[in-house]
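2 protein chains.
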Amino acid sequence: MKEVRIGIIGIGNMGSTHAENIKKGEIPGLILTAVADRKESRREWVRANLGEEVVIFLEGEELIASGLCDAVLVATPHYQHPGLVISAFHHGLHALCEKPAGVYTKQVREMNEEAEKHNLVFAMMFNQRTNPVYKKMQELVEGKSLGEIKRVNWIITDWYRTQAYYDSGDWRATWDGEGGGVLLNQCPHNLDLLQWICGMPKEVQAFCHNGKWHNIEVEDDVTAYFTLENGATGVFITSTGDAPGTNRFEITLEKGKLVSEEGKLTLYELAVNEREYCFTATEGFKRPEGAYRELDITGENSQHIGVLKAFAARILSGTPLIADGREGIQGLMLSNAMHLSSWLNKPVTLPIDEELFLEELNKRREASARKENVKEITFDTKGSYGSKNGN
Amino acid sequence: MKEVRIGIIGIGNMGSTHAENIKKGEIPGLILTAVADRKESRREWVRANLGEEVVIFLEGEELIASGLCDAVLVATPHYQHPGLVISAFHHGLHALCEKPAGVYTKQVREMNEEAEKHNLVFAMMFNQRTNPVYKKMQELVEGKSLGEIKRVNWIITDWYRTQAYYDSGDWRATWDGEGGGVLLNQCPHNLDLLQWICGMPKEVQAFCHNGKWHNIEVEDDVTAYFTLENGATGVFITSTGDAPGTNRFEITLEKGKLVSEEGKLTLYELAVNEREYCFTATEGFKRPEGAYRELDITGENSQHIGVLKAFAARILSGTPLIADGREGIQGLMLSNAMHLSSWLNKPVTLPIDEELFLEELNKRREASARKENVKEITFDTKGSYGSKNGN
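Taken in sequence, the protein lines are chains A and B.
Be aware that the first sequence starts at 1, since it is given in my numbering, and climbs by one per residue.
Be aware that the second sequence starts at 1, since it is given in my numbering, and climbs by one per residue.
For identical chains, the list gives no copy identity; a pair is met inside one copy or between any two copies.
Derived EDC-like pairs (lysine to aspartate or glutamate); straight-line CA-CA distance at most 20 Å:
(1) K371 to E283
(2) K264 to E294
(3) K346 to E203
(4) K212 to D167
(5) K39 to E20
The hints are simulated quantities; they were obtained by calculation from the structure and are not laboratory data.
With these hints in hand, go ahead and build the complete structure from the sequences.
Structural data, given as structure tokens:
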């Protein structure tokens, strides 16, 4: 194969951005041959913007079965992700899945199990893993030169959205249409980065507030407390109602502290391991010595284009992905655990009880209110995920 | 009265510092006439350092009854604070109480009730209220020009202590001797500032970890989630095991965000109220405009000396205190609520059930282990509460 013929299913905010990037030739080896969308207004946009050589389908399944594609990019509402990816595998197509991997882990586990049966490339659109700040944090924590993690505080409240955003689609911010709020839509990146850098928590207790800042039925404000495998604790605080929000990711380790904020990464490195110092120092109020320095962050932040390039290159020449599709379940597990903990009003241990989660989710889907007076709008998202810390 | 004759009960880390300041004439109108301490080593220090005119007692009650003092400064282990203050009132003495006001609110409520019966000056050593950064935050929040509070995040983990600190006194960090750990000893200032600036929470859920970083039976690591009266949520994260720790106090309001860190106070002020913007903006991903500026923080940070000066001036000429003694119960209520929530493993509403708290505390006091091999040390605390943010 010299070129990968790709089809995009779902041409909304994200799908249309990907389509334009591919169309402009930004991704060597990828040709956009087909798109699918259930909305006429979006198919109209395709006709007007992507040229006649792109075949347009109503249903993703038609695109998958068309023989026009070697790979698909699934950018539909979240519930449909696993089903479409599984179908793509059945038709021998490689798949790149937008985040989140799905809405509930049971569904995503089935997708992962299907992936295991095929020798096909499966990737997740975790474009924030290309951010050199987070890459550096991941390397430093994994490298253990700073010792074990002692505490994690991520205040990631800069996902501001207006009511107009929530009013722009009838599936948005409903239990039945989207399956959640800020945890499902905005935070999959952060939850993936959290587990990628710090490892999976073993217990989570979350406080989710539904429609706290907007007229929506799902959560737009979350504070989660968690415990890592080694006993370190952390918080993850997010919202779409804070302006200006904060994106400050702090990891305290035995031999120092990492803080990412405003696109900068600062390291305070200790001369000795604090755990040793604590038990050998003769002074009561003294602290181990160390110094701050801003880390030199080099390398481009290729974001979505980087993920697409790696996906194409993996298919064509076997080079590494940015994020394997099978890893999508981890961040979703965290998200599910936060929801479940908040619904049950108690701590939840991981891995979660998938059946119980689905049961609780389904209760909410049944009671989900269908939105009225929705004007379908495709917003220009440029700048919304390219902020200093790469949101 | 031209001069106030003051006696200090408890000449440990803090009491000795206060004694030296008064002795040096730093506080106009205060003369140190007596001290009391149960430890011979400390009485010896008084003889060697404070001169012969300072009368030395073994028991605080003897000092109170001696007729040598018009006022007392109580700087004993925490459990004794309310009893000694009440006794001082009975003898017609003014009282300045070191933080915390006591160990459990029931005891402190009795102290406050006694204070109401006497026309005596009663003050708390909340020296961090003199910090111009916190004063400014308090004024800005109270003034309402930034609207209502939406979120509070205080990461106050820079209370680092070594094992040697905990080994320096047999009462330290035991349920029976101190009644708690970082919440009772290091955080009373922060909990007071939290309620002073943001108002009292209505519900708290805390995760306290006992002896996580040190060989102690009480908590040295706490993450607390709380809800304010208006529904805003917050976290309060503290530890004596983090090096370097963080002191970052962030308050998000409807019209801006305040962040105090590294002795600086930054304000991001919005042009419009976010609550209005959210429901009137036609764009989905846009944010209300605004700008950051570092606030000019003027005024000296007089700390303990400021509190002592205000105490003396109140007695001599009726000028305002830095912190009224009756306000000490607020921060302690928060501390008690955090402990209780963690012990019961569930959220606790405020005001707390004082009887239940005392019952739970007493269980822990009964099981409290008496420390062995303790070397009594009076550390030099200079610099430990004078850090950039005034700890």
